[in-house]
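Protein chains: 2
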Amino acid sequence: MTDTVVRPSTPATNRRTPAGGAPTAARTAAEAGEPRIDIDTVGSMLLGTWADTRREVRELIKDPAYWRIDGQTVAEHRDRVMGQVRLLAQNNGSSRALPEEYGGLNDNGANLAGFEELVLADPSMQIKSGVQWGLFGSAVLQLGTEEHHKRWVADIRDAKLPGAFAMTEIGHGSDVAAIGTTATYDPATEEFVINTPFRAAWKDYLGNAAVHGQAATVFAQLITNGVNHGVHCFFVPIRTADGELLPGVQSEDDGVKGGLNGIDNGRLAFDHVRVPRTNLLNRYGDVAADGTYSSPIESTGRRFFTMLGALVQGRVSLDGAATIASALGLHIAITYGNQRRQFDSGAGTDEVVLLDYGKHQRRLLPLLAQTYAQFFSHDELLRTFDGVFSGRTDTPEERENLETLAAALKPLSTWNALATLQEAREACGGSGFMAENRLVGLRSDLDVYVTFEGDNNVLLQLVGKRLLSDFARQFKGADAATLAKYAVGQTAGKVFHGAGLRSLGQRVADFGSTARSVELGLRAEHQHELLSDRVEQMVSDVAGALRPASKLPKDQAAALFNRHQAELIEAARAHGELLQWEAFSDAVKATENDDTRQVLTWLRDLFGLHLIERHLAWHLINGRLSTQRAAAVTKYIDRLCARLRPHAQDLVDAFGFEPEHVRAPIASGLEQQRQDEARAYYADLEARGEAPVPEKSLKPKKR
Amino acid sequence: MTDTVVRPSTPATNRRTPAGGAPTAARTAAEAGEPRIDIDTVGSMLLGTWADTRREVRELIKDPAYWRIDGQTVAEHRDRVMGQVRLLAQNNGSSRALPEEYGGLNDNGANLAGFEELVLADPSMQIKSGVQWGLFGSAVLQLGTEEHHKRWVADIRDAKLPGAFAMTEIGHGSDVAAIGTTATYDPATEEFVINTPFRAAWKDYLGNAAVHGQAATVFAQLITNGVNHGVHCFFVPIRTADGELLPGVQSEDDGVKGGLNGIDNGRLAFDHVRVPRTNLLNRYGDVAADGTYSSPIESTGRRFFTMLGALVQGRVSLDGAATIASALGLHIAITYGNQRRQFDSGAGTDEVVLLDYGKHQRRLLPLLAQTYAQFFSHDELLRTFDGVFSGRTDTPEERENLETLAAALKPLSTWNALATLQEAREACGGSGFMAENRLVGLRSDLDVYVTFEGDNNVLLQLVGKRLLSDFARQFKGADAATLAKYAVGQTAGKVFHGAGLRSLGQRVADFGSTARSVELGLRAEHQHELLSDRVEQMVSDVAGALRPASKLPKDQAAALFNRHQAELIEAARAHGELLQWEAFSDAVKATENDDTRQVLTWLRDLFGLHLIERHLAWHLINGRLSTQRAAAVTKYIDRLCARLRPHAQDLVDAFGFEPEHVRAPIASGLEQQRQDEARAYYADLEARGEAPVPEKSLKPKKR
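Protein sequence lines correspond, in order, to chains A and B.
For the first sequence, this note's numbering assigns the number 1 to the initial residue and increments by one for each residue that follows.
For the second sequence, this note's numbering assigns the number 1 to the initial residue and increments by one for each residue that follows.
Treat each hint with caution, since some may be false.
Because identical chains share one entry, a pair is satisfied inside a single copy or across any pair of copies.
Distance condition first, Cα-Cα at most 25 Å in a straight line; then the derived SDA-like pairs of lysine to any residue [to be verified]: (1) Lys150 with Arg688; (2) Lys699 with Leu685; (3) Lys635 with Arg614; (4) Lys699 with Arg283; (5) Lys554 with Lys635; (6) Lys635 with Leu245; (7) Lys62 with Thr189; (8) Lys635 with Arg547; (9) Lys696 with Glu76; (10) Lys551 with Ser697; (11) Lys635 with Glu613; (12) Lys551 with Asp541; (13) Lys554 with Gly387; (14) Lys696 with Arg283; (15) Lys554 with Ala32; (16) Lys62 with Arg86; (17) Lys160 with Ala75; (18) Lys551 with Asp638.
FYI, nobody ran anything at the bench for these hints, they're computed from the structure.
Model, not experiment: these values are computed from the prediction.
Generate the whole structure from the sequences, applying the supplied hints.
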C-alpha cells in the first residue's frame, strides 16, 4: 500500500499515454457539469460601488509607462516613479477627491478606489502618489483653510509642488502624540520656529523627503506663551525648485528598503527654521498675532484625533490595495496551478496538474475565499468612508465607527496579503521566485503595509479598546453581581451594536437545506453564531480580567492590562474576521443568479470554516463545539475545497485582470504551451516507434 | 477603567520623570536576581560539534570584503559575489570536505558547519559557493571516479573552473526522475549526445549558468541501445574561459529574483552537444565503448536515489543556515526591543521599553525558544550526516535515517526562518523595513530556501511516506482485526524506532518538582507524551484511512491518497517538531550548570508549550488534553514569557554574534543613545524650568 500512496520519488516510467491524463476530479465547472458562476456578474460585484472608476484606472494603467521595471537601480526607479506621478496628474489621477473649484469631482470614494488599483502597476507609484495627494495634499486640504488651499492645492494636484508628510519620527512611530519636534511661536516676528531638539525627533521614513520634496507638512508640538497645545501641522518649505535644501533644513536618505524602492524615503530635521504664523494649518487650532491660542475643539484629546482623522483614508485604501494584490497573486498561482504538471499520479497515466493535489487546493482555495471576503468588506468600508468624508454621514459616531472599521480591517487584509502572496509564490516553486512572475516583488512592496499608516498591532489594540468600551456601556450602572454573572456566562448575548456587528439572523439568510451530516451545525447561521459569540466572549473575558484595574494603583493597573494585551488584540482580530464574514454573506444574499449564488455560498462557507478551523481550540475550550463537530470542520473544508476546485479558474477570472495587469509569464498560457509541446514530443516518439524502453520494463517483475 | 488600559492614543503628558521609568518587570537577569545563564557556556552549546570551524569562519567573515552591499545592481552584486567565492577558495573555504590528496580535511561536518556560517556575510555568497562546491563540485566528486577527480577537482576547488549543477528543468522541479534532457550514446564516435528536446526540458534556475559557469554537471536520461537507463550525470563544458558559449549550448539569464541576486541564475539548453563517453560521471552506472550499460546497483530506483544521495548535504546545510539567520534576526529585534521605547505605560511615568509589552514578548520569545531547539536538532542532524558521509556509519539504514531527518528538519527551519525574520522585521517597525537593518534582506534571500533543494511540502511528504512504512512494518503479518483495533485505539503505543524517535522516559528527564497548578500536566514528560502521541496517532489515522488503497484500482487508490495528502504532511511536520523538542531536551539535560539549566528548561518548556498550543485543537479533539488543561497551556506560555523576559538579552547574546556579523544600526546601541539623548533633553528642560506646560494641565480635571 505505502508504495502506491506517495509518488514523489518514483522514477519516470510510462510517459506514453496520450495527452489528457486522468484528473482526480473535474478541473473546470464545465467538466463538472455543475452550477457555475457568471464571471461578469461576479466581476462587477467585486469591483463594487466605484466599479466605473476602477475600470477607468485599470484601462489607464495598461500603458506600460506605469509599469514597474525589475532590476532598476534605486535612483532610476525613483526617477521613473516621480515621472509616473506627474503622468497620473495629467490623467486626472490627482483630482477625484478635490472640490469642484480645484477641478475635482469631490468624490472621496472614487478617489480611493482609483488609488487602490494603482497597486497593479507598481506599488511604489501607488504609495508615492498617496504621499503626494493622500498625505501631503490631504493635510493642506483637511487641516488648512481657504488661504492655504489657494496657495498650494493646484500645484500639489499637478505634482508641481512635491511634498513630504512629516509626521513620524525616528523615536516615535505610531505614537504621534509623543513626537519631539517643536513649533514655538515668536510674537516678535510673528513666526513659528520649527525645531528638532534631538536625534530621535528627526522625521523619518518620509516619501519625497530624500530627493523630490519641496515642502513638507510638519507635525510638531505647538508651543506659545509657554504652553504646549499638542501636535499641530505646519507647512514648511524645504527645498528650492532646483532641489537645494533651504537654510536650517537637513535631509538624509533612508537608502535601500525592503520594497517600494521607487519612493525616495528620507529623514528631515529642522534647526530653528522660521515659517510665517500663517503657515500653521489652522483649521482646528490657531495662534493669533499676539500668541493667543484658540481652537474650535476644547478637548485636547479630541482635537488631536480630529487632526489625525484624515489619516484614516490611508488605512482604508491599504485595505483595498492589499486585497487587490492578494487577488493578483491568487490569479497567477491558480492559473499556473491549473496548467503546471508535476509527478505522475500513481495511477500510471500522466503527470498531475498541481491544482488536482489535495494539498495544493488546501493551500490556495481558503485564501481565495478570504480574498473574496475582503473585497466585500472593503467595499463596505469604502462606503462608510465616503459617507463620512462627503459629509453625508459625518457625525462623531460615524467617524468613530469608520476609524474602528478601518483599524479592524486594514491589519487583517495587509497581513493576509503577505501570507497569500507568499503561499502563491511557494505554490509556483522556483518560478514564483523570479521577479518577472511578480509575486516576490508584490510581497516585498506590501511588506511595509503591515506597519505603516498605523502598526497593525497598535490598530487592533485600538479596536480592542473600542470593543471594551462598547461592552462597558452595556453595563453602565449594573451591579457587581450582574457583571460577574455575565462574565462567566457561556452565552453572552448580543451586546455590540456600534462597531458594525449585526445581530444573528437579521441579515444572514439560511442558504439551503442540504443536510449532509458533515455540514450539520456548520452552515451559515452556525458559522455566524460561532464567529460572533467568539468576539463577544473574548471581549467579555478580557473585560472581566481587567475589572480590578479600576481599583488598583496606576502601575499595577498598567501591568494587569499588559498581561491581557495579547488577548485583547486577538479579540479585535476576531471582530475583524466577523465583519469580513458578514460582508461576504450579505454579498451572497444579494446575488440574484442561482448558480452564481450556489458557488459563492460554497466559497463563503469555506471562508467561515477556515476561520473556525483557525480558532478551533478556542471553540472547543469554550464549549462552543463538541469534539465531534470540531473534527467535522476539517472534513468539511476538505469537501469544500474539492467542490470548489473546478470553479477555481472562474473565480480568479472574475477578478477581471487583463494581461497588462497580470504580466506574469507563468500565468500567460506559456506553461500550457510548454506542457503541450512536451507531451506532443513523447506522443510523436511513441508513434514513430522511437521511444526508448525503460530499463525497468526489461527486468522480471517483483511483486 | 477602559481609559487606563489602552494607551496608544493618549497625547504625551508627563515626560518629566528622570531616566529609568517603571518597567513592568525586571529587564535583565541581574535585575531579576534570578538564576542566569552562563553566556559563554550556552554559546559553546549553540556552536555545537564543529564549534572551532564556526569560530574560524566567523572570524574570516569579519572582513568587509565578504559583506553584502545593499543597493548594488544585479551585475555589480554578481561580480562581487564571484570575487568573494574566489576569496573563500584562497582562504580554505573550499577544501574542508575534500580528500587529503586534494589538500582537504576530509571533514564533511566541518565543511557544512563552515558553509552555514557564511549566511551572516551574504546569503548570495553562501549559495554561490554551495553551487560551486556543494553541488557542481560534489557531483564530480561523488558521482565521478578517479580520472574525473584528477581532471577537475583542483580547478573546481580553486574556483578556476566555475560550474553549474544542471539538474532542475523548467518542466520538472522536485521531480528529477521525470526530466526530459537526454544523453544518447553514439557507439560510432564513442560520445554521448546531450539534447534538450523541448522547451520544458531547458535546465533552469542554475547558479553560474547565466554568466560565470564554464562547465555543468548535467543530469539527463541515459539512453543506449534503445534503452533508457534513467537519470545519470554528465560533465559538459559550456563556455570558454573567456565566457563564450560553446557550440550547441544556449543560455538565458533568469534575471532579477526575489533574493540572492548576487547569483547568476540562468537556463541552459543543449542542441545535440557531443561529449566523450568518459564524461559520464560513472561511479554508479557506466557505458562501455560498445554501448553496453552496467551498474553496481541493480535496482533502477535505488540507483537513482544513490546518485541523488549527495543532495542531502544541501538540505542539511540549509537547516543550519536558516537557524543562524533566524538567530541573527532575533538578536537584532530583541536587542532593539530592549532599548526602544514607545507609548507611555499608563502608569504616568515614562515610555515603555518594547520588550516589556506582553504582546511583544509573545511575538518574539516563542520564536527564540524555537531557534534554540533548531540549533540543537541541527547539530544532531549534522552529526548524523558526518557519520554517513565519513563512512563511519554509512549503512543503507543510516542513509535512510539521514535522508528522513534532513527532510523533516529542513522544511521546518526554513519556514520558521521566514516567519521569524518577518516577525522580527515587524517588531522593529519602520526601522525593520530599512535594508541597513538587514531583516528584509535576509528574509528575501532565504525565501527560496523553502522551495529549493527539495520543495518543503515534497520533502515532508517523503517523511510521511517513511513514517507510514515504519508504521506498516510494525504490523507485518498482523491480521485485519488487529490492525483495525489498533487503528481506532487512542493510545497507539510506541511503534517508531527508526526515524529518530526516542521512547518516553528513556532520555527525557523530569526537570523538577515545581508544582504550580498551571504547570501540572504540562511539564517535560507530558510535553513529550503529547508531542509523540500526536505523531503516532496522526500516522496511524492516515494509515487506517489509506488501508483500502491496496485493494482499489490504481486511479482510485491515487484519489484516496490525494484526499489524505495534507494530513500526511501534517503528520510529518509533527514528527519534525518532536525531533526538535527532543534535541532541545537532550541539550538541557546535558547542561551541568544549575542556573543555566534552569533558564534553558524554561525556554525548552516555552518551545514545547508553543508547539502544543499551535496544535491545541488536535489535542482536544483527540482527547489528549481536557479543556481545562488546554486553557492552561496559554496561561503557562504567558507565564513563561514573563519569566524569560529578563533573560532575553542573555539568550540572544549567547548566539555570539559580533558587531561585524550583526551590522544593523538599530542593534548597535544607537537606539539607546538616541533614547538617552531625548530623555536628557527633557530632564534638562525641566531642570532649567523651561519645559512648556501641557495645555491639558491648565484645565479643570474631569473625573
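Structure-based check of all given hints:
no., hint, in the structure
1, Lys150 with Arg688, "neither (80 Å within a copy, 43 Å between copies)"
2, Lys699 with Leu685, "within (23 Å within a copy, 91 Å between copies)"
3, Lys635 with Arg614, "both (14 Å within a copy, 19 Å between copies)"
4, Lys699 with Arg283, "between (88 Å within a copy, 22 Å between copies)"
5, Lys554 with Lys635, "between (49 Å within a copy, 23 Å between copies)"
6, Lys635 with Leu245, "neither (64 Å within a copy, 55 Å between copies)"
7, Lys62 with Thr189, "neither (53 Å within a copy, 55 Å between copies)"
8, Lys635 with Arg547, "between (40 Å within a copy, 18 Å between copies)"
9, Lys696 with Glu76, "neither (56 Å within a copy, 48 Å between copies)"
10, Lys551 with Ser697, "between (82 Å within a copy, 23 Å between copies)"
11, Lys635 with Glu613, "both (10 Å within a copy, 21 Å between copies)"
12, Lys551 with Asp541, "within (18 Å within a copy, 52 Å between copies)"
13, Lys554 with Gly387, "neither (39 Å within a copy, 60 Å between copies)"
14, Lys696 with Arg283, "between (83 Å within a copy, 20 Å between copies)"
15, Lys554 with Ala32, "between (64 Å within a copy, 22 Å between copies)"
16, Lys62 with Arg86, "within (17 Å within a copy, 45 Å between copies)"
17, Lys160 with Ala75, "within (20 Å within a copy, 35 Å between copies)"
18, Lys551 with Asp638, "between (50 Å within a copy, 24 Å between copies)"
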